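Asks: Single-letter residue listing:
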Amino acid sequence: MTDNGSIAAATWEQVELARHPDRPYALDYIHAIFGNFFELHGDRLFGDDHAIIGGPAALDQRTVMVIAQQKGRTTAERALRNFGMANPEGYRKALRLIRQAERFQFPVIAMVDTSGAFPGAGAEERGIAWAIAENLVALAQARIPIVTLVLGEGGSGGALGIGVGDRLLMMEHSIYSVAMPEACASILWRDIARKVEAAQALKLTAADLKRMGLADEIVPEPSGGAHNDYGMAADAAGAALRRHLASLEAVAVDRLLEERYQRYRRIGAS
Amino acid sequence: MFRPKTRYVALPSPRAGVGEEIDRLKCPKCDTSLEPARLTAALGVCYRCGYHFRLRAPERIAMLVEPGSFHEEDQQITATDALGFKDSQPYVKRIEQSRASTGVNEAVTWGEATIAGQPLVIVCLDFAFMGGSMGAATGEKITNGMERALHSRLPLLIISASGGARMQEGMLSLMQMAKTAAALGRLGAAGLPYISLLTDPTMGGVTASFASLADVILAEPGAMIGFAGARVIQQATYETLPEGFQTAEFLWQHGMIDLVVPRPELPAVLRQLLDLYVKNGVAEDFELQPQANASAPTPAVRG
Chain A
106 MTDNGSIAAA TWEQVELARH PDRPYALDYI HAIFGNFFEL HGDRLFGDDH
156 AIIGGPAALD QRTVMVIAQQ KGRTTAERAL RNFGMANPEG YRKALRLIRQ
206 AERFQFPVIA MVDTSGAFPG AGAEERGIAW AIAENLVALA QARIPIVTLV
256 LGEGGSGGAL GIGVGDRLLM MEHSIYSVAM PEACASILWR DIARKVEAAQ
306 ALKLTAADLK RMGLADEIVP EPSGGAHNDY GMAADAAGAA LRRHLASLEA
356 VAVDRLLEER YQRYRRIGAS
Chain B
45 MFRPKTRYVA LPSPRAGVGE EIDRLKCPKC DTSLEPARLT AALGVCYRCG
95 YHFRLRAPER IAMLVEPGSF HEEDQQITAT DALGFKDSQP YVKRIEQSRA
145 STGVNEAVTW GEATIAGQPL VIVCLDFAFM GGSMGAATGE KITNGMERAL
195 HSRLPLLIIS ASGGARMQEG MLSLMQMAKT AAALGRLGAA GLPYISLLTD
245 PTMGGVTASF ASLADVILAE PGAMIGFAGA RVIQQATYET LPEGFQTAEF
295 LWQHGMIDLV VPRPELPAVL RQLLDLYVKN GVAEDFELQP QANASAPTPA
345 VRG
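Read top to bottom, the protein sequences are chains A and B. Going by the working numbering, the first sequence opens with residue 106, and the numbers climb by one from there. Going by the working numbering, the second sequence opens with residue 45, and the numbers climb by one from there.
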């Protein structure tokens, strides 16, 4: 029991690190890794969602399409970014960028950092589930390499809505879960206070995902966490992105798509 | 988690045998005590107020397909506890209990069948099995159904009833969303039609993956359909939710589904759709009238 308790405590520490208020967010990584980032706005249907950002950027000698979930640091920015919880417009903007990337043959770099899609009445009215589902198909079929990097929190369908690709990389102290521990505790125990237990049971740390064969690589963070040295965290992330992108670019696109299909197809295959 | 509610109605079906004895069944909507025989004859729709009771997968399939035409696949596939998950009780025990109480091995049943003379693949989720939640085995069976449709070039009908991704299998559950969506992408690219019927309730990761990715989306009256649950939304936003929020009718008004279909009308609607999407648009009682297009420039008319 003590053993179990200490494992749960260690897992919870990872959850708190993934959510650390000083942790670098997508724009911190984008400005450190890429040059010439030009942010594109709006889904051309309804509005512009600041919880998901994106646009073309330079990485070495090529242009890539960056799509990322962005949290805010100040109170005002947190409100603007809706705490990184996207509405349908965010996913539809991402879809617009995926299609554009495909047309120009820009590889996609997706950065995941959200506790989940926004649970709001408006999001439901405008089809949040429809928007996420459509992205799953678009990403599965996009004829360009896609590398996903989880920066902090990977929360449920809201993360997956920009998270399907050829590689899944995770920052060392990031988490990725079918539901955030609080939501899981509320569903299974009807008690949010059981979140620590839930976190352990969910197997949501980067190490857990690597062990389950879902994550391809864990990107090392500076001692104590990425918030201690943004430059070092971004350098490690940049190096991993370059390496995986280069290996994917060497693969013929039909094979790339078949491998991407099989990557998901084999999860849970009997 | 999902407490079993007495909202199922057992209907006689060739597979399930005679329906369970229900002496007095109360309609959860209008509170009327219903006669089981009359309710069964009404396909599990309250004959007083029109409330649609939830159906078990075998009942639903028996109700829709031509008698004897259903050939079930993957019956033996069942959930496994890959994470060693334990909440108030171990997941392995939960699986065992669900299997015992429902008589099925997973939250989905699929196979080939014939509807209105048209062979198709039918996939039906079962809310009675752990809230119809999608774990790895569930996603595997659904994907097998999709791939069968693809390889046998058959239309696909999926009937959803699910609380969403299954918590007890963690990320393996979440990834079934990507897996099923990817398979549907291939089905769509191959030009095979997919009809999705959303029934009460269809929520979370199931709505946000295969259930909403159909060429035609139908829903049963009053079905609750959405992504986040109303309770979660209220806790997060303190919003007052509009009347009828997340009902099938609400979604239809917002352009998310094509048609709300009362259960007795479903066979006719499916027949019409299969005619249109599979038999290339020519119904039996419809004759092409070339002269109707006489005003259009027709230098090269194709047969």
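Hints in this document: simulated from the structure, not taken from any laboratory. Just so it is clear, the structure is predicted and the values come from calculations on it, not from any experiment. No residue lacks a Cβ here, since even glycine has one placed at the ideal position from N, Cα and C. Don't take every hint at face value.
To be verified - When the alpha-carbon atoms are kept at most 30 Å apart in a straight line, the in silico DSSO-like pairs for lysine-lysine are as follows: (1) A/Lys300 <-> A/Lys315; (2) A/Lys300 <-> B/Lys130; (3) A/Lys315 <-> B/Lys137; (4) B/Lys73 <-> A/Lys300.
As the list claims (entries may be wrong) - Per the computed footprint, the stretches of chain A lying under chain B, defined by three or more beta-carbons under 8 Å from a beta-carbon of chain B, are: (5) 118-124; (6) 272-283.
Asks: Take the hints in turn and mark each one as holding or not.
Replies: Right, here's what the structure says about each hint:
no. : hint                  : result
1   : A/Lys300 <-> A/Lys315 : 22 Å, holds
2   : A/Lys300 <-> B/Lys130 : 13 Å, holds
3   : A/Lys315 <-> B/Lys137 : 27 Å, holds
4   : B/Lys73 <-> A/Lys300  : 35 Å, violated
5   : 118-124               : violated (count 0)
6   : 272-283               : holds (count 3)
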